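Read top to bottom, the protein sequences are chains A and B.
Take the first sequence: its letters are residues 1 to 369, numbered as in the working numbering.
Take the second sequence: its letters are residues 1001 to 1259, numbered as in the working numbering.
No false leads were slipped in.
Stretches of chain B that chain A covers, calculated by requiring three or more beta carbons in the stretch to come under 8 Å of a beta carbon on chain A:
1. 1018–1031
2. 1072–1079
3. 1082–1089
4. 1150–1162
5. 1207–1213
A few chain B residues that face chain A, going by a derived Cβ cut-off under 10 Å, partial list only:
6. A1044
7. R1046
8. R1047
9. S1051
10. S1052
11. E1055
12. I1101
13. N1104
14. L1107
Calculated from the structure, these hints are not laboratory results.
Predicted, not measured: the structure shown is a model, and the values here were computed from it.
Glycine is no exception: its CB is placed at the ideal position from the N, C-alpha and C atoms.
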Amino acid sequence: MSFYSEYLKYKNFQFNKFLENITSSDIFRIINKDKIDEYDFLTLLSNEAEKYLEEMAQKAHQLTVQNFGKTILLYTPLYLSNFCVNRCSYCGFNIENKIKRKKLTFEEIEEEAKAISSTGLRHVLILTGESRKETPVSYIVDAVKILKKYFDSISIEIYPLKEDEYREVIKAGVDGLTIYQEVYDEDIYDKVHIAGPKKNYRFRLNAPERACKARMRNISIGALLGLNDWRKEAFLTGLHAKYLQDKYSDVEISVSLPRIRPHIGVYEDIYPVSDKNLVQIMLALRLFLPRIGITISTRENQKLRDNLIPLGVTKTSAGVSTEVGGHSSKTKSDSQFEISDKRSVIEMKKAILSRGYQPVFKDWMQIDY
Amino acid sequence: MMDKLIIGGIELKSRLFIGTGKFPSKKVIPDVIKSSKTQVITMALRRVDLSSKEENILEYIPKDCILLPNTSGARNAEEAVRIARLAKALGCGNWIKIEVISDNKYLLPDNYETIKATEILAKEGFIVLPYMSPDLIAAKRLVEAGAAAVMPLGAPIGTNRGLKTKELIQIMIDEIDLPIIVDAGIGKPSDAAEAMEMGAAAVLVNTAIATAGDPVKMAEAFGLAVEAGRLAYISKLGPEKKFAEASSPLTGFLNEGEK
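So here's chain A without its partners, still in its complex pose (with noise of 0.2 Å):
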C-alpha cells in the first residue's frame, strides 16, 4: 500500500463531469463545513467555486491564523550542483542544455553558508540536479556537516533517495526533504521526463513516503503547476499530502506551489495557471488540510507574494538565488530558472512585518543523538 494506490483510484476519475455539475449551494455548504472531504475539496477547486474566492480567503485566514499565528517561516535555498542526467522537458538543468555546469567543493560551500548566515537565515534548503555520479550522498552528507555549523535546519531538495540513505542524510542532520512530483499524471509524468533515472514515477512518487518512514521531520511536496490542468493536480498533491499526514501524524507535511518559469531551453505545451488559479489552489488546500505548511517561492512576483501572505502562507524563501554559487562566488553558473521576486532578506523581512506578520528566521534546532 502506498501513495500509488491512492493515484490509481482517481485515474480515471471523470473530474470535467464532476466539476461540471457544481452549484453555489455547494460551495456555501462546504466553506461552512468544520471538516472537508476529499470530494469537498475537489469541489472548492470548480470554477464555480471560482465566484467566493472571497468566502474561502476569509475562512482561510482564519485558519491559517488559528494554527500558525500571524508569522512567516524564511529560508533560503543553496544550490550545490547542477550537473544532472535527466532530460526533463521543462527544466534549464536538462542534460542536453548548453549550460555552464558546477559544483561547489566543500570550501565553496562554506563560503555560501557564511554568505548566507550573514543575513540572519537559520534554515537552509540544499538543492542539486540528479547525478550520483557528481553529487552523490556522501557529498550531500560532507556538505551537510559544514552547513550544520552555520544553520539550525537543513532540508534537501535533491535527486529521491532510498530509505536507508534517508537514514543517512538525516543522521548527519537533515531534518526537512522538498520533492515535487511535478507532475501527477502518469502519462504526462513519461512525455516530459524524456530520459534518465527520473523516469521512474513510482520511485519518486514514493520517495516523500520513504522519508516519513526514516523519521524525517518535515517533508513539503508539490506538484510543478502547468505541466496539467491544474485542478487535476491540485487535487492530487492535496490527497497525497492528507495520505502521509494521516499514515505518519508525527511528520510535518508542507505543500509548495511552483508555477512553471522561464529557463533556458523551451517548453511549449505549458497549461496556463493564473494568479487567481493560484490563489484558489492555496485557499482550498487550507480549507482541506488547516495544519499543512504552505510554501510560496520567488518565483511568483513581489506584489502576488505580499499580497499571499495573509491567505494561508507559512513558509516562504527570500534573498535566493537558483545559481550555483550564486550567494558568494564570482564565478557562478547558469541558473535552473529566472526567480521573478528578487527582494534580500532585509526587504522580505520589511515586507512582511509591514503586513503585519512575523518573519520567523529560526523555527527549529538540531537534536543531536
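Here the structure of chain A is known, so what remains is to put chain B in place on it, guided by the hints.
This is chain B only, laid out in the frame that chain A set:
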C-alpha cells in the same frame, strides 16, 4: 485568607501564564506582559536564536519574568529531555514545560512519553510542568514522576474552543494534590474566568491573546478575568439550583394551620 500559588518554591502573584508564539511581532510582547501582569512566560526553545539580538525572543522578555521554555517539536521523551537540557545549558533556567507531540494534525500530547520525560527531568532537578490530555490516572503518574504542576488541555492547541474537557479537568482539580494549570483551548477571558472559578490554579493563554485584534488590551482582559475567576473561587460560589426559589411558595398553605 492567604491565597498563594507556589510552584518550584516560588510564589507567583499572577495566575496567568502567557505563551509567545503566534504574535505578529516580537515587539508587542513586552507590552503584553505588562498589561497582563503575568510573571511566567513560555516560549518554544526551537525559536530561540541566541546568535541574533533582534531575533532572540529572550531580548523581549523582562528579566524579572520566569521563563518557561517548552519542548515543542519533541516527538518522544528522549527528544523532550534533550531539548530541556539544552534550554538549561542556554541559560533559560530550570523550569520546563514538557510538550511531546507526535500528532501534527490535532497537536494532541502523548501522555505516556510525557510521563517518561517528566520522571527523568524531575530527577535532574528541573521544575517540570507537563502539558497533557486530561486523564486522572496519567496525572497521578505525573505526580509520582515529580511534576511541579499538571497542565491539562481545555481544547486542542489554538482552537479557542474553551473548556471542552471541563468535566475531566474538574476531576483532576478535585483529586490531584498539585496545581492544575489549564493550558490550550482557552479562547476568551470568560473561559479563563470559568477555569479559575472551577479551582484551577492558573491558566496558560497564547493564541487567544496573540491573534486578537489588540493583543495588549486582550492580555489585560485575560489578566482581569483570571483575577476575577480566582476571587470568585476563594469566595465560594453559591450553589447552583435546578429550580427557582419562589418568593411566593406554592406549598406555603400547608403550614398555615400551625399559626
